[in-house]
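A.B. asks: Please take these sequences and the hints and turn them into a complete structure.
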Amino acid sequence: LRAALRVAMEAAAEVNAYLNRTEPWKTVADDRERTATTLFTALSAINGVKTALAPFLPFSSA
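Per the working numbering: the sequence shown ends with 62, consecutive numbering throughout.
Because the hints were derived from the structure by calculation, they are not lab data. Keep in mind that a hint or two might mislead.
[What the hints assert, rightly or not] Label-pair ranges, simulated between beta-carbon atoms:
1. Pro55 to Tyr18: 18 to 26 Å
2. Pro58 to Glu14: 21 to 29 Å
3. Leu5 to Leu39: 24 to 32 Å
Backbone N, C-alpha and C define an ideal beta-carbon position, used for all residues, glycine too.
C.D. replies: Shown next as structure tokens:
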């Protein structure tokens with residue numbers, strides 16, 4: 001279980017790094033399509049992290 005939790009937390013950290021790298025808060029004014037793609041990608045990844053964390057947080061991740 002510890003390994004699975006570690007992998008899920010690493011995935012969450014990768015999503016965070018992706019958002020920091022792509023900076024959608026800066027691109028929203030000039031390139032809304034790129035921002036939309038960035039946010040869609042991040043939200044899709046977050047959904048995967050949520051699924052991975054479900055066994056550890058059954059009531060919080062639903």
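A.B. asks: All hints, please: hold or fail.
C.D. replies: Results for each hint:
no.	hint	verdict
1	Pro55 to Tyr18: 18 to 26 Å	holds (24 Å)
2	Pro58 to Glu14: 21 to 29 Å	holds (23 Å)
3	Leu5 to Leu39: 24 to 32 Å	holds (26 Å)
Violated hints for the displayed structure: none, as all numbered hints are satisfied.
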